[in-house]
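So you can see what is in the structure, the chains are spelled out below.
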Amino acid sequence: MTDTKRKWLVRCAVIVFILALAALMMILGRGHTVYFDNKTLEYNGETYSAKQRINVDVTGAKTAKLSKRDRGMATWIGQNFTMDLEITENKGDEPVKKTVSLKLPYNMDGIVVNLPGLLADLPREAWMSEFVSMAAETEAEEAEDEIVTDDFGLGDF
Amino acid sequence: MSETVNQTNPSFGKLIRKAVQSFGLPRLIIAGFLLLLFILAPFVNADLPMQITNTINRFSWNAVLVLAMVPMVHSGCGLNFGLPLGIVAGLLGGTLSIELGFRGPASFFISILIATPFALLFGGGYGWLLNRIKGGEMMIATYVGFSSVSFMCMMWLLLPYHSPNMVWGLSGKGLRTTISLEGYYDKALANFLQINIGKLSIPVGTLLFFAVLAFGMWAFLHTKTGTAMTAVGSNPTFARAAGINVDRIRLLSVIMSTWLGAVGILVYEQGFGFIQLYNAPFYMALPAVSAILIGGASVNKASIMNVIIGTFLFQGIVTMTPTVMNNMIHMDMSEVIRMIASNGMILYALTRKTEVRR
Amino acid sequence: MSVKTVPAKGAGKSIGSFLAGNSVPIMFILICAVCIPVSGFSFTYLLNEIMSRLGRNAFLILSLLIPIMAGMGLNFGMTLGAMAGEIALIFVSDWQIWGIPGMVLAMIISVPFSVLLGLFCGKILNMAKGREMITSYIISFFINGVYQLIVLYMMGPIIPISHSSIKLPRGYGIRNTVSLLNMRQSLDNAVSFRIAGVKIPVITLLIIVCMCLLIIWFRRTKLGQDMRAVGQDMQVAKDAGIDVERTRIISIVISTVLAGLGMIIYLQNMGNLSTYSSHSQVGMFCIAALLVGGASVDKASIGNVFLGVILFHTMFIVAPNAGTKITGDSMIGEYFRVFVSYGVITVALVMYETKKRRAKAGNGRQLQLEQEAIK
Numbered sequence: 001m002t003d004t005k006r007k008w009l010v011r012c013a014v015i016v017f018i019l020a021l022a023a024l025m026m027i028l029g030r031g032h033t034v035y036f037d038n039k040t041l042e043y044n045g046e047t048y049s050a051k052q053r054i055n056v057d058v059t060g061a062k063t064a065k066l067s068k069r070d071r072g073m074a075t076w077i078g079q080n081f082t083m084d085l086e087i088t089e090n091k092g093d094e095p096v097k098k099t100v101s102l103k104l105p106y107n108m109d110g111i112v113v114n115l116p117g118l119l120a121d122l123p124r125e126a127w128m129s130e131f132v133s134m135a136a137e138t139e140a141e142e143a144e145d146e147i148v149t150d151d152f153g154l155g156d157f
Numbered sequence: 158m159s160e161t162v163n164q165t166n167p168s169f170g171k172l173i174r175k176a177v178q179s180f181g182l183p184r185l186i187i188a189g190f191l192l193l194l195f196i197l198a199p200f201v202n203a204d205l206p207m208q209i210t211n212t213i214n215r216f217s218w219n220a221v222l223v224l225a226m227v228p229m230v231h232s233g234c235g236l237n238f239g240l241p242l243g244i245v246a247g248l249l250g251g252t253l254s255i256e257l258g259f260r261g262p263a264s265f266f267i268s269i270l271i272a273t274p275f276a277l278l279f280g281g282g283y284g285w286l287l288n289r290i291k292g293g294e295m296m297i298a299t300y301v302g303f304s305s306v307s308f309m310c311m312m313w314l315l316l317p318y319h320s321p322n323m324v325w326g327l328s329g330k331g332l333r334t335t336i337s338l339e340g341y342y343d344k345a346l347a348n349f350l351q352i353n354i355g356k357l358s359i360p361v362g363t364l365l366f367f368a369v370l371a372f373g374m375w376a377f378l379h380t381k382t383g384t385a386m387t388a389v390g391s392n393p394t395f396a397r398a399a400g401i402n403v404d405r406i407r408l409l410s411v412i413m414s415t416w417l418g419a420v421g422i423l424v425y426e427q428g429f430g431f432i433q434l435y436n437a438p439f440y441m442a443l444p445a446v447s448a449i450l451i452g453g454a455s456v457n458k459a460s461i462m463n464v465i466i467g468t469f470l471f472q473g474i475v476t477m478t479p480t481v482m483n484n485m486i487h488m489d490m491s492e493v494i495r496m497i498a499s500n501g502m503i504l505y506a507l508t509r510k511t512e513v514r515r
Numbered sequence: 516m517s518v519k520t521v522p523a524k525g526a527g528k529s530i531g532s533f534l535a536g537n538s539v540p541i542m543f544i545l546i547c548a549v550c551i552p553v554s555g556f557s558f559t560y561l562l563n564e565i566m567s568r569l570g571r572n573a574f575l576i577l578s579l580l581i582p583i584m585a586g587m588g589l590n591f592g593m594t595l596g597a598m599a600g601e602i603a604l605i606f607v608s609d610w611q612i613w614g615i616p617g618m619v620l621a622m623i624i625s626v627p628f629s630v631l632l633g634l635f636c637g638k639i640l641n642m643a644k645g646r647e648m649i650t651s652y653i654i655s656f657f658i659n660g661v662y663q664l665i666v667l668y669m670m671g672p673i674i675p676i677s678h679s680s681i682k683l684p685r686g687y688g689i690r691n692t693v694s695l696l697n698m699r700q701s702l703d704n705a706v707s708f709r710i711a712g713v714k715i716p717v718i719t720l721l722i723i724v725c726m727c728l729l730i731i732w733f734r735r736t737k738l739g740q741d742m743r744a745v746g747q748d749m750q751v752a753k754d755a756g757i758d759v760e761r762t763r764i765i766s767i768v769i770s771t772v773l774a775g776l777g778m779i780i781y782l783q784n785m786g787n788l789s790t791y792s793s794h795s796q797v798g799m800f801c802i803a804a805l806l807v808g809g810a811s812v813d814k815a816s817i818g819n820v821f822l823g824v825i826l827f828h829t830m831f832i833v834a835p836n837a838g839t840k841i842t843g844d845s846m847i848g849e850y851f852r853v854f855v856s857y858g859v860i861t862v863a864l865v866m867y868e869t870k871k872r873r874a875k876a877g878n879g880r881q882l883q884l885e886q887e888a889i890k
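Protein chains in written order, with the numbering used here: chain C, 1 to 157; chain D, 158 to 515; chain E, 516 to 890.
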């Protein structure tokens, strides 16, 4: 009796553990594409002008060098996003180094961050917006692609 | 299935249960499905005479391929999953007759003539192989078919064909994947004695050709050799005791199946209007196998009637589903339904208990 | 490993039986020996390719071992597991879970699907004893139909799929290819280094080694012993009190689950998923590779798996190029390797059936002799 009870307990524990692992993976593995704009932002009547130059490093690698009105992108797994910025305010200034961390919203695939707005410590909704792919709309007009079922095995393996 | 039967009427229930058992549940579902399609067709504005014409046409193209299953089932070699081997022989016949410059409907018979020695040769080798591995025929048959098709894929490229209607225009060598039969044996049988009643058109020539072969098969099965074949299939030990050369009979059945496969693909091509090479013969065995099973055959029992009913049901579903489905829900699920239905049927047949052989 | 112990009955005979017992691997070594120089590939390139293919295929092929142990032959139903893995990957890529966490999640999701499909397959195979292989082969077609029904029609309207990058423009169904770019080789690259220009995917290889150890351990467990007994003789096993049907079902379920996990490892290396063709190719090539390694329908070892991957894939890599060089047509090599895959399976099946028949005939003769002796 106790033996079967223990068996069931172990089974339940294993299932709970696996479910917990799955949930953890869902949180840890959520991928985002972060786009950063070096563009002039208008917010509440005030203007935050674009910087002369911003170098963005994500995970230690040079990701983007942004002049005015440039956009760069990086992929990131998880919600705690960190990047190193190297900001040149105006032409000829010494670059200022800064590390910025943000929380990425879980349900957004593509996130656009306006760097001048972010650096001016504006509220979140001012500099963060969801990236809407233009491709999604053009693809709708694309010809219906034929379903290919290659059972013969002429593919690589 | 017994749960659905009304409990208050046990004798009636028993009757139904018995009918279902003898007929087979999947077969019943498929027949019911086809019936449903025919009933639905007028409601969804499908052109019924057109559908029936298509069904009959497709029946006439495919029936011989299904007939090719009969000899091997009779001799106990199981379902001929190696049908592609016969098809390859037929393709060789068809392409060679074009290469040699035969034209018009006569080239159809020339094709059969040329295909025959190949079919005998391939069938002989195949039969010899199957005699060495009694009991594992079906799996090996499948792979013999696949190997031969993939081998011929290389050969179609390498064999010295020259006819400009068949080879790739650019390089001048290697056969094309599809070859039009216009001017050759396109509709060679179908145009013979064709009957047109309003929108309904019946390819009497092709049906007659099938009828001749089917009658020939029926007659053969009633000859001494034919009954010996049935005996070998149903009880090889007994057959051996009765002095029948089991291996020779099995070899004969395999050769017959292969030859019918070769003729079958030529009949198919004359109706379809194109020769399809390379990967095309690959899965041609499965529709033929499931058709004869739908018609009521089992792994070790098959009759001409099974061939006719099965081909009609199978091709009926193949032609009816796309139109009815498309008109009803605007989704063409026919391919998937065909896959599930035909493979489900084969699966059902394989799981039936058959008496232990050998 | 591939070298089987041969009875010492004189050197000539033992060499002959060694050649006969290993004819398929030897044939392949010869094919490779001819094709490698012709293809003109550099040695480093070849080694790199083989290492990468070893990493992505070995796990899949290992999933075939357990049903062979249980006497159920080559499990053509491993495609079922592959389909379960693919469905899991479709979900994971729609939810945008990337990298290794995405793989782990996909593996977890694939397991319930695999178990269900394995149960179904095992139940059916129990109804078709003696012709397991052709039945499992047809099951793979049948389930492929169901898979297409789900992926091509239900995903979208019934099963929510939100990203247009994987959904067909018509609004339902999954595209021909699903990109796994964000997962691509995440496992292989997690820890990797190069030896003489050859990339070693450490974690992937570690997982494969663990799997091998697990299989070795499993053979010694009660269940493993039962399976071997069932594989030897079902009637004897039944008399010994083993639940034959259950044991057979378990072996298929394990194989399907492993195939599902293997498929995820395989696809993370490939980096994209061919929604409607990946699984059917995998089934055929894995079986061919195992047989090339010297396995037979009733006997396969871990050594066969590795030898098979190396030999089969060397052929696979060099055949197209060698074919082009020899015949001047690029398709010849492609068709050739398909032909060889099918040919190898055919030869292995024929050898197995003839052996079985000969053994049966031998048994019969012995029985006859015994009976005569009694008289």
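Don't read these hints as lab results, they were simulated from the structure. Any given hint could turn out to be false.
Claimed, not checked - Derived Cβ-Cβ restraints for the label pairs, each shown as a range: (1) Q886(E) / R509(D): 44 to 50 Å; (2) F733(E) / T82(C): 40 to 46 Å; (3) L9(C) / F190(D): 57 to 63 Å; (4) V14(C) / F558(E): 45 to 51 Å; (5) S538(E) / R174(D): 37 to 43 Å; (6) G326(D) / S680(E): 56 to 62 Å; (7) M73(C) / F195(D): 56 to 62 Å; (8) H678(E) / P274(D): 35 to 41 Å; (9) G686(E) / K98(C): 44 to 50 Å; (10) V553(E) / C12(C): 46 to 52 Å; (11) F733(E) / D489(D): 50 to 56 Å; (12) M488(D) / E86(C): 50 to 56 Å.
Every residue gets a Cβ at the ideal spot worked out from N, C-alpha and C, and that includes glycine.
Tested hints:
no.	hint	verdict
1	Q886(E) / R509(D): 44 to 50 Å	violated (34 Å)
2	F733(E) / T82(C): 40 to 46 Å	holds (44 Å)
3	L9(C) / F190(D): 57 to 63 Å	violated (48 Å)
4	V14(C) / F558(E): 45 to 51 Å	holds (47 Å)
5	S538(E) / R174(D): 37 to 43 Å	violated (53 Å)
6	G326(D) / S680(E): 56 to 62 Å	violated (38 Å)
7	M73(C) / F195(D): 56 to 62 Å	holds (57 Å)
8	H678(E) / P274(D): 35 to 41 Å	violated (57 Å)
9	G686(E) / K98(C): 44 to 50 Å	holds (45 Å)
10	V553(E) / C12(C): 46 to 52 Å	violated (60 Å)
11	F733(E) / D489(D): 50 to 56 Å	violated (46 Å)
12	M488(D) / E86(C): 50 to 56 Å	holds (55 Å)
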